[in-house]
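Peer 1: So you can see what is in the structure, the chains are spelled out below.
2 protein chains.
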Amino acid sequence: MESDVATPTTPFSPAEDPRTMDAIARARAERKRTETKLFELLRIPSVSTQAEHAGDCRAAAAWLRDQLADAGLARAEVLETGGLPCVYAEWLEAPAGAPTVLVYGHYDVQPPEPIELWHTPPFEPTVHDGSVFARGAADDKGQLWIHVAALRAMLADGGRLPVNVKVIFEGEEESGSEHLDAFVAAERDRLACDVVLVSDTHMLAADKPSIVASLRGMAYCEVQVTGPAHDLHSGVYGGAVRNPAEALAHMIAACKDPVTGRILIPGFYDGVIEPSSEEREALTQVGFVDSEFLDEAGITASWGEQGWSIYERIGARPTFEINGMWSGYTSPGAKTVLPSTAHAKISMRLVADQDWERISERLETHLRALAADMPGVEDVQVKRLHGGRPVLVETDIPAMRAARTALAAVFGIEPVFTREGGSIPVVATFAEILDAPTVLMGFGLPDDRLHAPNEKFSLNQLHLGVETSIAFWHAYADEHAAAAR
Amino acid sequence: MESDVATPTTPFSPAEDPRTMDAIARARAERKRTETKLFELLRIPSVSTQAEHAGDCRAAAAWLRDQLADAGLARAEVLETGGLPCVYAEWLEAPAGAPTVLVYGHYDVQPPEPIELWHTPPFEPTVHDGSVFARGAADDKGQLWIHVAALRAMLADGGRLPVNVKVIFEGEEESGSEHLDAFVAAERDRLACDVVLVSDTHMLAADKPSIVASLRGMAYCEVQVTGPAHDLHSGVYGGAVRNPAEALAHMIAACKDPVTGRILIPGFYDGVIEPSSEEREALTQVGFVDSEFLDEAGITASWGEQGWSIYERIGARPTFEINGMWSGYTSPGAKTVLPSTAHAKISMRLVADQDWERISERLETHLRALAADMPGVEDVQVKRLHGGRPVLVETDIPAMRAARTALAAVFGIEPVFTREGGSIPVVATFAEILDAPTVLMGFGLPDDRLHAPNEKFSLNQLHLGVETSIAFWHAYADEHAAAAR
Chain A
239 MESDVATPTT PFSPAEDPRT MDAIARARAE RKRTETKLFE LLRIPSVSTQ
289 AEHAGDCRAA AAWLRDQLAD AGLARAEVLE TGGLPCVYAE WLEAPAGAPT
339 VLVYGHYDVQ PPEPIELWHT PPFEPTVHDG SVFARGAADD KGQLWIHVAA
389 LRAMLADGGR LPVNVKVIFE GEEESGSEHL DAFVAAERDR LACDVVLVSD
439 THMLAADKPS IVASLRGMAY CEVQVTGPAH DLHSGVYGGA VRNPAEALAH
489 MIAACKDPVT GRILIPGFYD GVIEPSSEER EALTQVGFVD SEFLDEAGIT
539 ASWGEQGWSI YERIGARPTF EINGMWSGYT SPGAKTVLPS TAHAKISMRL
589 VADQDWERIS ERLETHLRAL AADMPGVEDV QVKRLHGGRP VLVETDIPAM
639 RAARTALAAV FGIEPVFTRE GGSIPVVATF AEILDAPTVL MGFGLPDDRL
689 HAPNEKFSLN QLHLGVETSI AFWHAYADEH AAAAR
Chain B
239 MESDVATPTT PFSPAEDPRT MDAIARARAE RKRTETKLFE LLRIPSVSTQ
289 AEHAGDCRAA AAWLRDQLAD AGLARAEVLE TGGLPCVYAE WLEAPAGAPT
339 VLVYGHYDVQ PPEPIELWHT PPFEPTVHDG SVFARGAADD KGQLWIHVAA
389 LRAMLADGGR LPVNVKVIFE GEEESGSEHL DAFVAAERDR LACDVVLVSD
439 THMLAADKPS IVASLRGMAY CEVQVTGPAH DLHSGVYGGA VRNPAEALAH
489 MIAACKDPVT GRILIPGFYD GVIEPSSEER EALTQVGFVD SEFLDEAGIT
539 ASWGEQGWSI YERIGARPTF EINGMWSGYT SPGAKTVLPS TAHAKISMRL
589 VADQDWERIS ERLETHLRAL AADMPGVEDV QVKRLHGGRP VLVETDIPAM
639 RAARTALAAV FGIEPVFTRE GGSIPVVATF AEILDAPTVL MGFGLPDDRL
689 HAPNEKFSLN QLHLGVETSI AFWHAYADEH AAAAR
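Heads up: the protein sequence lines correspond to chains A and B, in order. Using the working numbering, read the first sequence as starting at 239 and increasing by one per residue. Using the working numbering, read the second sequence as starting at 239 and increasing by one per residue.
Be aware that one or more of the hints could be misleading.
Said to hold, decoys possible - Listed next, with one range per pair, are the computed distances between beta-carbon atoms:
1) 533/B <-> 318/A: 32 to 40 Å
2) 318/A <-> 621/B: 48 to 56 Å
3) 610/A <-> 630/B: 36 to 44 Å
4) 281/A <-> 533/B: 50 to 58 Å
5) 398/A <-> 617/B: 17 to 25 Å
6) 569/A <-> 539/B: 51 to 59 Å
7) 502/A <-> 619/B: 23 to 31 Å
8) 515/A <-> 619/B: 39 to 47 Å
9) 352/B <-> 293/A: 22 to 30 Å
10) 353/A <-> 444/B: 46 to 54 Å
11) 289/A <-> 522/B: 51 to 59 Å
12) 621/B <-> 293/A: 50 to 58 Å
Unchecked claim - Derived coverage of chain A by chain B (criterion: at least 3 residues anywhere in the stretch with Cβ under 8 Å from a Cβ of chain B; other residues may be distant):
13) 470 to 482
14) 546 to 556
Stated by the list, open to error - Residues from chain B that keep clear of chain A, each with C-beta distances beyond 10 Å, as calculated:
15) 297
16) 426
17) 460
Keep in mind that the hints were calculated from the coordinates and are not lab data. All residues carry an ideal CB built from backbone N, CA and C; glycine is no exception.
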């Protein structure tokens, strides 16, 4: 995004640097254990959006608390939030003047459905082709585990850290972090820090390390369109009753131009900060390969907003996507029902400075206006399931420079800054409540199939991630000291 | 439809006529038994579209075979069709020259889903407010049972029938009668008859007996639209990948004008025989009450093809209805998936002389043409689940006159001829293979909620139906003899 960021001041070689060589050696010696313990965590079906898994979520939290204590952190505990709990731990014995890093991750995972498309059971981690396949492998259990393993390698045998570290793992990220804002506000002192470190994103490729400098926000709504008061026989009533599934289809169709890809909700683009021509030029340099994107998605052609590249469409532009849609009879065979209701789950990714509440409201206004022209649509409900603000992170700050140093040292390639299509709403929370920037140093790969069947995480990325984490603490201590001079 | 049908030649009073008074008295004495035995049948979940209920369908067939034998019919047996079996029985001891009636019904029922909307369990018949509530109560178990009970009342104590009767109950009506054509062709001799009698329709109201003279045909298709090869994370891929749910919405929207209600599939209306102005005038006289229709449907306004009345929309005009639609994540909560596929079940009711195979083909052509303009739609599949021809029945034939006589005698009100929106494809089968017209003398009521939760059948209609059936045999014998003279 910004191509003129200063070169990091302190390149180093972690495996040879006397400050990190012991920890690196220990991490390498413990690779098998690091994997085995991660698989334990992956076996816990901590699906936060499904109430029947609340117990599993709590089990995952307790397990992580024990692991953090075992790794050598202090005050490891499970903290209630009013919903699913957070796990907290800290190590605050760094030298005077050293900065404090808050490591954030989430132990909850997306639902595994559709189960039948998994090649191996979603909660039975299976290693194949150098990757572990399981729900949550990359999002985010495998990635938060990187830092637990790194801290363990650093703190073993009386080891110490060059910075203070606090760890917070939440359990509601996949269900909208409903209680996190209030929790962070209430625990503002405990969580106070100079920077937040999050590994919940992906690199451009295994040989293209990258740091996310922009995140899209999100407005997620569920729509219910009601026609007749109850299901009807489509032969007896069909032709004279507005079919809510058909009405919903018309409404969805009226939300995006099927040719230009332009979102048609009035006022949708208000507030969008378009990238400058310099930034658009820089975005072409991040090494994003269209053909790889098409291969990963399993499509022959991209389609989206006309006038923007694929990379811009997924990172720099807002979206409107149907995540789910259902009405009437969906089992095998034929049933001649004229359904009473039709439903859609709709998420809109937002870019700075769109406001998710205003966007949700505009969607509702638009759908109601469409329904008003469709006699027989008796009701339209738009429920806001959750929302998050878009984020732009400053790239020329000590922690960002340290992340570049650490990635360059471990991967041997200078990382680039990218725009991520996904949303991590907590980044805005940390900025507002803790006044701390967030470094999004993720180790996922683009083909990890987050939220989809057969999610995976590369074991090589796991282990290089641990070494990058080890390198980061020292690089950040150095950058922080240099900036303070 | 035809307002100048000849008045029936032989009005009579079944409860007082010496030929029927014993049977009527017996039927009245056995009303409790008639209900109790029907409830036994309603308890069998004979859902033909769901493979796990195949055993239940066979159990229902065996139960009916036993009841037909017990009622006094001969050769009661379960006949294999290659799919779910038919039940057959006969009584062929009528006087020389008497005609033969084939009674058709179906023992299979629609799936009960959505179960949660039933006030009482769908397969636990519950009497409330004079009706029995259960899946299949009206469609068609309660109605086929009318004739079994009537035959039993006629044949008890050495009783005889004035006509020959054959009974055929099929088990695949709700799944498209896939094997019936071949079965009827193979059993042409056994099933040979002068007329087919079917009670699988409804009257206009309890005090407005009616006979269906027109049935819509149907083309039922299942559509699958494929975008990406597998489910994707909508944050990582959204905006640059054609969302198949959105594409399907655009396709559905392009099938019907949301204002005029006109179906937009090219060539869809080819072959439609529009009712003459005389017929349209006659249709206004059948006593159809718009406000009752709206109340039954639970809607404040009808919507459909502009320029046609509600009654014409559901009976005289072809339709396009979404019976089911699904894509992506449909469970509670938010899942940010960009689905790989989207699906719809679409049924089109057809009027004479539309051809269901040609209509199915035109739908497919239309959807494929739409997809061709949507890059990123990787595949469109249109599977034909079933189809049936539309039917117009002659009204001035002996059996139709007999049906009018029987209904008028029992209900005390002269019946009218109506156009039914539903489809009974077998009517065309019987016309083509057996060269026999079908009399659609149904006893359902418009608010029976066929195919929907809380299906019911009025017990009063059941018992009046039994008496009408008893009256029909004699009225038909008379009309047939008169016509032969």
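Peer 1: 39 to 47 Å was suggested as the range; check whether the CB atoms of residue 515/A and residue 619/B agree with it.
Peer 2: Holds, at about 44 Å.
Peer 1: Range hint 51 to 59 Å: satisfied by the CB atoms of residue 569/A and residue 539/B?
Peer 2: The hint (51 to 59 Å, Cβ to Cβ) is violated, given that residue 569/A and residue 539/B are roughly 31 Å apart.
Peer 1: Does the Cβ-Cβ separation between residue 318/A and residue 621/B fall within 48 to 56 Å?
Peer 2: holds, 51 Å
Peer 1: Determine whether the Cβ-Cβ distance between residue 610/A and residue 630/B falls within the hinted range of 36 to 44 Å.
Peer 2: With Cβ atoms ~39 Å apart, the hint holds.
Peer 1: Measuring from beta carbon to beta carbon, are residue 533/B and residue 318/A in 32 to 40 Å?
Peer 2: Since the Cβ atoms of residue 533/B and residue 318/A sit about 51 Å apart, the hinted range of 32 to 40 Å is violated.
Peer 1: Given a hinted range of 17 to 25 Å, is it respected by the beta-carbon distance of residue 398/A and residue 617/B?
Peer 2: violated, 58 Å
Peer 1: Would the non-interface assignment of residue 460/B survive a Cβ cutoff of 10 Å against chain A?
Peer 2: violated, 8 Å
Peer 1: Beyond 10 Å from every chain A Cβ: check whether that's true for residue 426/B.
Peer 2: holds, 27 Å
Peer 1: Is it true that residue 281/A and residue 533/B lie within 50 to 58 Å of each other by Cβ?
Peer 2: holds, 55 Å
Peer 1: I want to verify a distance hint. Is the separation of the beta carbons of residue 353/A and residue 444/B within 46 to 54 Å?
Peer 2: Holds, at about 49 Å.
Peer 1: Hint says 22 to 30 Å; check whether the CB-CB distance for residue 352/B and residue 293/A agrees.
Peer 2: holds, 28 Å
Peer 1: Is the gap between the beta carbons of residue 289/A and residue 522/B within 51 to 59 Å?
Peer 2: holds, 54 Å
The structure fails to meet hints 1, 5, 6, 12 and 17 from the earlier list, while all remaining hints are met.
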